[in-house]
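Generate coordinates for the entire structure from the input sequences, incorporating the hints supplied.
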Amino acid sequence: MNRIISELIKREINILDKEEPEYPLRLKEIGSPPKRIYCIGGLPDDDRPSVAIIGARNCSGYGRQMAREFAMEIAGAGIQVISGMATGIDGIAQNGALAAGGKSFAVLGGGVDICYPKENSRLYEALLDNGGVISEHEPGTEPIARFFASRNRIISALSDAVLVIEARRRSGTLITVGFALDQGKDVYALPGRVNDSLSCGCNELIKDGAYPLINPYDFVREFMDRYELGRINKGKGQKAVTGKSPAGQIKTDAGQKSGKDRNGSRADAKGGSKSHENLFLTAAERAVMSVLDYEPKTVSEIFYDLSDKTDMSIPELLGLLTDMTLKHHIDCVDGMNYCIRS
Amino acid sequence: MYSSVCAGALNGMSCFVAEVEVDVTKGLPGFDMVGKLSGEVKEARERVMVALKNCGIELPPVKITVNISPADIGKSGTAFDLPIAIGIMVSLGQITGEACKDILIIGELGLMGDIKSVSGVLPIVIKAKESGFRRCMVPIDNAKEAAYVEGIEIIAVATLVEAIELMCNEEILKEHIFRPDRDCTTQAVSVKKPDYADIIGQEACIRAATVAAAGFHHMLIMGPPGAGKTMIARRLPSIMQPLDTAESLEVSTIYSISGMLSEDRPYITERPFMSPHHTTTVNSLAGGGVYPRPGIMSLSHKGILFLDEFPEFGRECIEVLREPLEEKKIQISRARKTYTYPADFMLVAAANPCPCGHYPDRNLCNCSDSMITRYRSRISGPVKDRIDIIVTASRVDADRIVDEAKLKRGERMSTMSSAVLAVKVKTALKMQERRFVGTGLRYNSEIPSGAMEEYCALGDKEKEYMKKVYDSMELTARSYHKILKVARTIADLDESGDIELKHLAEAISYRGNL
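First to last, the sequence lines map onto chains A and B.
Per the numbering used here, the first sequence runs over residues 1 to 342.
Per the numbering used here, the second sequence runs over residues 1 to 514.
Think of the hints as simulated: they come from the structure by calculation, not from any bench.
Yeah, the Cβ is synthetic: ideal placement off N, Cα and C, and Gly gets one too.
Heads up, a few of these hints could be off.
[Unchecked claim] From chain B, some residues computed to sit far from chain A (all C-beta separations above 12 Å): (1) P29; (2) G93; (3) E170; (4) R234; (5) Q241; (6) G259; (7) M260; (8) T280; (9) E326; (10) E454; (11) R478.
[What the hints assert, rightly or not] Rough simulated footprint, nothing fancy, chain B against chain A, three-plus residues with beta-carbon under 8 Å: (12) 49 to 62; (13) 190 to 198; (14) 286 to 299; (15) 329 to 338.
See below:
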């Protein structure tokens with residue numbers, strides 16, 4: 001015990017029992033709240049909205065881009081992003097949230113002082129400054145498989161809504177969704193092509209009634225409306241909202257930010273901005289863009305798809321793809337595979 | 001009576017002329033052999049005695065002593081049987097000592113007196129010629145191989161009796177000189193060789209293979225299983241220039257030492273293509289053994305060493321590639337001596353992008369990032385650094401295979417066939433020949449980093465472009481040089497004296513991101 005206490009002091013780990021006032025409200029409300037939680041950095045603000053962004057570890061290029069895009073828009077609107085800091089969607093979303101200047105919190109499956117997975121050590125450090133890491137396990141606990149399922153209930157508990165970016169049909173992500181539904185949270189899922197195995201889980205969630213995620217800006221607007229409504233209803237039933245309303249503040253925040261975005265370069269008008277860029281493409285580049293996808297394609301496949309559009313030779317195509325990569329129109333994945341850049 | 005007959009022996013890649021001394025004296029009957037001989041050389045005693053007996057030559061009860069000099073070099077192989085037998089006949093006075101001057105004799109004996117082929121005939125005959133011998137007596141099965149050396153008379157023998165008769169009679173010997181035009185019936189065997197027109201799709205890989213062949217660049221083909229990586233590699237010799245005379249002699253020598261020349265293939269003119277299985281051992285790749293023999297890397301000399309499933313090769317096997325990739329030769333050190341074998345090959349490796357083989361197609365691949373990193377890290381950095389060209393082969397759609405298999409073959413024949421590509425490669429080789437005249441270099445891949453400015457000079461526009469690329473793609477100095485060398489080859493294929501933007505852009509696409 002002494003050892004643990006000295007560790008706590010050394011690493012500035014906060015320890016919160018269920019009875020303490022700082023213990024997150026959202027966590028108290030669920031069926032089986034952890035008796036005690038540990039955290040480094042901060043805890044999610046009870047008066048600010050928060051959403052969980054979760055998904056597959058081995059994600060596709062599409063999932064990668066969408067996770068980042070949604071996380072940036074959401075964090076940019078002042079919403080806290082909760083996730084599990086795992087490889088793939090989790091980590092990408094949290095990185096995106098931090099990149100947009102927002103706050104993000106990771107719930108770990110082991111002790112808070114153990115960065116797992118190791119690849120995300122940079123994200124771990126960044127989260128300590130702009131958010132926090134949380135766990136129900138004692139510091140020094142090694143993460144093991146069965147802890148992950150139960151930590152998922154904390155992820156969903158700390159969030160007002162759960163966003164599923166990519167999930168296979170039988171995926172761990174769906175465990176979190178199960179908890180979220182039990183806890184009465186809204187579930188959103190990103191639709192994908194029906195024959196993509198990584199989108200299967202999401203598409204099925206939508207079929208079962210999850211809200212489809214079509215566009216980051218729309219999501220933020222819709223979510224905030226629902227969030228406000230929920231707070232007002234809750235406020236009526238329970239304690240009165242005191243003094244300044246942080247929620248209201250957030251709403252204006254969100255409105256302003258998104259408005260700015262709409263006039264600016266990114267987000268909302270994604271299709272629009274792409275066609276805007278297309279104006280500056282040469283005929284050959286336009287042809288290449290027309291056969292590219294969010295999923296990487298090899299040069300030979302691109303060549304074949306182009307064969308009835310242009311009579312470009314392989315050397316020309318290879319050069320053109322390099323140039324377009326340099327101009328950031330497209331992305332080069334794993335050597336010789338190319339896909340559209342968002 | 002004492003006699004001396006000359007024979008030849010191998011010592012690593014080099015040969016030496018060995019003198020077989022035979023002394024026959026009265027005394028307690030016996031047969032002793034000295035001269036640092038290995039087991040198979042000592043066994044010659046039994047073969048020679050029995051063969052002589054079976055040829056009807058009764059040996060008197062005498063003491064026979066054989067010494068093979070120089071006595072301080074270890075001798076191995078079975079080529080000493082025939083010279084020992086001839087030496088005994090000279091000592092017994094059946095053949096004149098005069099007849100053994102100016103002739104080098106090699107051959108293995110069977111118990112019935114038949115003469116069997118031996119390995120290393122080609123380099124031994126070359127050595128004999130260099131040492132001023134007029135004639136060389138070789139087993140009949142090695143005759144064609146020996147006849148590849150011009151300026152020395154080849155006597156091909158099938159039996160011991162024939163050999164003794166020839167040694168006794170100068171006149172018959174003269175008539176017996178081997179003439180390939182008269183003595184062998186050459187039947188031209190036309191085998192349908194693999195052609196790039198057989199491949200459906202994979203245009204990018206075929207292009208990369210052309211560039212690799214033109215500049216002798218090492219290449220790595222990544223792709224899912226069944227995409228045709230092996231097909232692409234196997235067709236590389238079909239677009240490369242055949243070996244020139246000097247190269248052919250060099251390669252044939254290695255094959256001769258390894259005993260891999262046969263009557264059907266007495267010397268090598270095609271570029272070698274070796275594809276060892278991934279369970280191969282370090283020794284089989286590098287060469288070795290108590291009496292070292294060339295390994296697969298040396299057998300791919302001047303040709304292609306194709307390593308399919310590259311990451312599956314043992315770690316040591318991959319590491320042992322380092323020295324030959326750099327030095328173009330391999331040294332095998334033994335306690336007493338270091339053997340050097342040439343190993344100037346073009347490395348073509350094929351690998352799956354991840355353990356399951358389907359990355360980045362996430363519909364099929366569920367390998368985690370760390371699995372993929374671990375899988376790729378099996379190819380060590382220094383080896384990766386030597387690979388100039390990395391391409392990705394794609395999975396071919398079913399409809400493409402079904403529809404195009406026959407329909408578009410004609411079309412492919414005109415643009416993508418080996419014949420068409422070979423012409424392009426030849427042009428590029430001519431450009432390189434002119435550029436490197438008098439420098440000892442032959443291919444663009446050999447340009448040393450110090451001479452980059454001289455051979456791969458860029459214009460202002462190109463320099464500006466490469467600066468941009470250098471920063472945005474986070475290149476290292478080495479990868480920058482790789483791009484320039486490949487771009488030089490691409491420009492040569494284009495018959496362009498200057499490296500232009502389009503050449504650079506194409507070269508960059510081959511850099512991979514391993």
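Do the hints match the structure? See the list:
1. P29: Per Cβ check, B:P29 is outside 12 Å of chain A; nearest 75 Å; holds.
2. G93: Consistent with the label, B:G93 stays out of reach of chain A, its closest Cβ about 76 Å off (over 12 Å).
3. E170: 66 Å, holds
4. R234: The claim holds: B:R234 sits with its nearest Cβ about 18 Å from chain A, beyond 12 Å.
5. Q241: 21 Å, holds
6. G259: 41 Å, holds
7. M260: 37 Å, holds
8. T280: 26 Å, holds
9. E326: The claim stands: B:E326 keeps its Cβ more than 12 Å from every Cβ of chain A (closest is about 24 Å).
10. E454: 25 Å, holds
11. R478: 17 Å, holds
12. 49 to 62: holds (count 5)
13. 190 to 198: Three-residue rule met by the region 190 to 198 of chain A, so holds; n is 4.
14. 286 to 299: holds (count 5)
15. 329 to 338: Per the Cβ count (6), the hint holds.
In summary, this structure violates none of the numbered hints.
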